[in-house]
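Asker: Residue numbers (the working numbering): 77 to 161.
No lab work stands behind these hints: they were computed from the structure. A quick note: this is a predicted structure, and the numbers were derived from the prediction, not measured. Hints should not be assumed to be uniformly reliable.
[Unchecked claim] Derived CB-CB ranges, DEER-like:
#	residue 1	residue 2	range
1	D147	K105	15 to 23 Å
2	E138	K107	13 to 21 Å
3	K107	P141	17 to 25 Å
[Said to hold, decoys possible] Quick list of in silico lysine-lysine cross-link-like pairs, DSSO-like style, CA-CA up to 27 Å:
#	residue 1	residue 2
4	K137	K154
5	K96	K107
6	K121	K105
7	K151	K137
8	K105	K151
9	K105	K154
10	K137	K121
11	K154	K96
12	K140	K107
13	K137	K96
14	K140	K154
15	K121	K140
16	K154	K107
17	K140	K151
18	K151	K121
19	K137	K107
20	K151	K96
21	K107	K151
22	K96	K121
23	K107	K121
24	K96	K140
We treat Cβ as the ideally placed atom computed from N, Cα and C, and that holds for glycine.
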Amino acid sequence: CSATEEEAKSPPRKKGLWDKRFDELVDFKTKNGHVLVPVGKTKDKLGSWVSRQRLEYRYMKEGKPSSMNSDREAKLEKLGFAFNA
77 CSATEEEAKS PPRKKGLWDK RFDELVDFKT KNGHVLVPVG KTKDKLGSWV
127 SRQRLEYRYM KEGKPSSMNS DREAKLEKLG FAFNA
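Assemble the whole structure, with the sequences as input and the hints as a guide.
Answerer: Spelled out as structure tokens, the structure:
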């Protein structure tokens, strides 16, 4: 069994999902010229992810356990992400 086959059998890791949603946010910015994704009005996965990033950012700043880290924060900031929208 090769490493590639093993990866195919493994469930996706959170880092992979985070990166996938980040890429979707980059695409959203390319199409719309901003990263203010509508949230709460639909069951849109990107909108839910954006809301979660704001929550995780707040947790990080409050010193609570969080999936947000300085690398993710920097990537989002570079894209123009509004953490307090």
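Asker: Please check whether K107 and P141 have a Cβ separation lying inside 17 to 25 Å.
Answerer: Violated, since K107 and P141 (Cβ atoms, about 34 Å apart) do not stay within the stated range.
Asker: Could you grab the alpha-carbon distance between K154 and K96 and see if it respects the 27 Å cut-off?
Answerer: Judged against 27 Å, a Cα distance of about 17 Å means the pair holds.
Asker: Compare the distance between the alpha carbons of K96 and K140 with 27 Å, and conclude whether the hinted pair is satisfied.
Answerer: holds, 25 Å
Asker: Quickly compare the C-alpha distance for K96 and K107 to 27 Å and report which way the hint goes.
Answerer: Between K96 and K107 the Cα gap is close to 17 Å, so the pair holds against 27 Å.
Asker: Do the alpha carbons of K140 and K107 lie within 27 Å of each other, as the hint requires?
Answerer: Status violated; Cα separation ~34 Å.
Asker: So the hint says 13 to 21 Å: do the beta-carbon atoms of E138 and K107 match that?
Answerer: About 33 Å separates the Cβ atoms of E138 and K107, which means 13 to 21 Å is violated.
Asker: Hint check: K121 vs K105, CA-CA at most 27 Å. Holds or violated?
Answerer: holds, 16 Å
Asker: Starting from K96, check that the Cα of K121 is at most 27 Å away, please.
Answerer: holds, 11 Å
Asker: Taking only the CA atoms, is the gap from K151 to K96 under or equal to 27 Å?
Answerer: holds, 13 Å
Asker: Regarding the pair K151 and K137, is the alpha-carbon distance no greater than 27 Å?
Answerer: Holds: K151 and K137 sit about 16 Å apart, inside 27 Å.
Asker: Do the alpha carbons of K137 and K107 lie within 27 Å of each other, as the hint requires?
Answerer: The hint is violated at about 31 Å.
Asker: Given the hint that K151 pairs with K121, test it: the Cα-Cα distance must not exceed 27 Å.
Answerer: This hinted pair holds, its Cα atoms lying about 19 Å apart.
In this structure, the hints that do not hold are numbers 2, 3, 12 and 19, in rising order.
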